[in-house]
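So you can see what is in the structure, the chains are spelled out below.
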Amino acid sequence: MVKPTAIRFKDTQIELAHGSGGKASRRLVEGLIAPILGNPALDDAALLSLGSASLAFTADSFVVKPLRFPGGSIGELAVNGTVNDLAVSGARPVALLSTLILEAGLSVQVLQAELEALQQAAQRAGVQVVGGDTKVVEHGKADGLFISTSGIGLVDARVKLAAASVRPGDQVLLSGPIGDHGITILLARGELDLEASLESDTRSVWPLVEALIEAAAPGLRWMRDPTRGGVATALNELARDARLALKLYEERIPIRNEVRGACEILGLDPLHIANEGQFIAIVAPEYAEAALAAVQGVAGGREARLVGEVVETPAGVVYTVSGYGSSRVVDMLVGDPLPRIC
Amino acid sequence: MKYVDEFRDPKLIEKAAEEIRRLADPKRHYRIMEVCGGHTHSIYRFGLQDLLPENLELVHGPGCPVCVLPMGRVDDGLRLAQNPQVILTAFGDMMRVPGQMGTPLEMKARGVDIRMVYSPLDALKLAEKNPAREVVFFAIGFETTAPSTALTLLRAKKMGIPNFTVFSNHVNIIPAMRAILDSPDMRLDGFVGPGHVSTVIGCRPYEFVAREYSRPVVVSGFEPLDLLQSLVMLLRQLNEGRAEVENQYERVVPWDGNQAALAAMAEVFELRPFFEWRGLGFISQSALKLRPEYAPWDAEARFEVAGVRVTDPKAAQCGEVLKGVLKPPQCKLFGKECTPEKPVGALMVSSEGACAAYYNYVHRAELVSGD
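Here the protein sequences line up with chains A and B, keeping their order. The first sequence begins at 1 in the working numbering and counts up one residue at a time. The second sequence begins at 343 in the working numbering and counts up one residue at a time.
FYI, nobody ran anything at the bench for these hints, they're computed from the structure. Just so you know, not all the hints are guaranteed correct.
Said to hold, decoys possible - Partner residues aside, some chain B positions facing chain A, computed with beta carbon under 10 Å:
1. Glu348
2. Glu356
3. Gly380
4. Arg387
5. Phe388
6. Val459
7. Tyr460
8. Ser461
9. Pro517
10. Ala521
11. Pro566
12. Ala698
13. Tyr701
14. Val704
Note that the Cβ used here is the ideal one computed from N, Cα and C, for glycine as well.
Bound-form chain A, shown alone (with noise of 0.2 Å):
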């Protein structure tokens, strides 16, 4: 895909926004690693043909802390992250490699747990771990226990999806409440004086998708997993890309009272927010219902919604509107969601 604009990377030192899915990510990626690699194609999950199959083929690397948090830990994320990826790139998750980067003093217990909970994910999502590589690093050098894991997954031949193929009147399917994972981990780590009766999200999220693909598959046109950086990053990246603008209507997007909450307390924004079991698809008008209605029917899509739809103008921009007529852009996200004094 060619981007629109050359971003120049003129950053003198890594810093954890780097990292945070935002707009430096984004700077890093597009005008560091990319031109080095020499692929200006470099996305999250890539597109590979052999003979007459199309394979996705996807790699991510889970750092989270705390290893275990609500709803989930880092051996479940490792295969969820992944075969996500996978998913919306249209792919059948198929098999998966695995690799273990363990600091010297971690407890075999921990790294027992956590690989029953990356087998138990991997059965539920269906693809099966077949390799990877274990590598111990000294005490200090790692936060116990990093996992990285890389995916392929089968290409379904219906779905051709490309940010140049989304068009003014396509409508943005969301698969369900936001921000849920991000402000789980934020909690669970401790730092503030806050409770709340909050899951993460992780999960798989092939089977929405394909239920999806069966009722819509001409229609669609663009899918992302709305990780790090929340789904105002994701719909920047495809707001930009496509050279469209995104509408979104403030009261239909799907969100918890407890991450409501935590966000209005915390000064942050949901639509900034990491989510791990959601995705936003981008479909054709006239398939927009059939594809909400088959998303809803799948166990844990019920409250899927359509949540805005592509317009012309202003080109580049994501933007709300809200119930009284009022409207505010949403930017990607800088840096990492940092909580406001006041």
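Let chain A serve as the given structure and place chain B on it in line with the hints.
Below, chain B without anything else, positioned relative to chain A:
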């Protein structure tokens, strides 16, 4: 969500906006300053400007603690952090504020021990856990956050924690408002009074604005309906030729403030003879330092603090924006050299800052093509 949704009800918001349009006399131009950065943020976040008539102009005030902090103080704090004994702690708001040496986040990436905390009490806990280190809390904020710093200092003294200090940059809102009212550029008709600050100081301290300057003040909450109702109250006063202090945020703000919080502040802090504000210059009796009895917990007394003065980048026009003379996009650097990701001026740093709020919520459409 209870206590929030009620204040975001589209029907009530429409009704309030209609009332504002009805009250705004087409023969007049109303210039109203929201003093508090939290209000600026709400106005943009909820798109309230879209609902207002053209002759009602909202002017963004100096009430963002990060925005009014001069760069020299940031550098002083970062220099403290370079002492390997020191763990510098700060609120999230401070982490992206640029000093000459870079931002706290950049310094952290270079290995300097700077940690983000959510309250000064967390910094105190960190000191307890690290008895061999010196934990310094980079305190910022108006009367909103000063009481929590004060309570933390009371506790540090009571518990005799020796390795905890506060680098106080707390400022007072009233002298800043007076500086704006005395400015030769002053063209304001009234003020939306800060909500959070007023939960501490109450409404009484604003009475001088009405009495001496004949300008109305309405202390306001932060939800869309709060702000719109406050504007209705201000327009009514202006149309009737009244200048009074009114309290829209009665559900939270007591007229006489929070006596316990004020007492804690009085116990710990005293006024500095003068303090530099970014954009507003030196204002006397406008900031808080620790009383001599708290010298063992005062970073400025315990460590060498250079007290550097750094002039703002020449082209940045933060001062004019803070005083309401310029709108954010009228600054020469806005959206070009100065963006939320690489802020030059402080108003672009905190999401409370007028420029960042404007950039994030309104302006980007025009910039995207050249992003």
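Run the structure past the numbered hints and jot down the numbers of the failing ones, going up.
1, 9, 10
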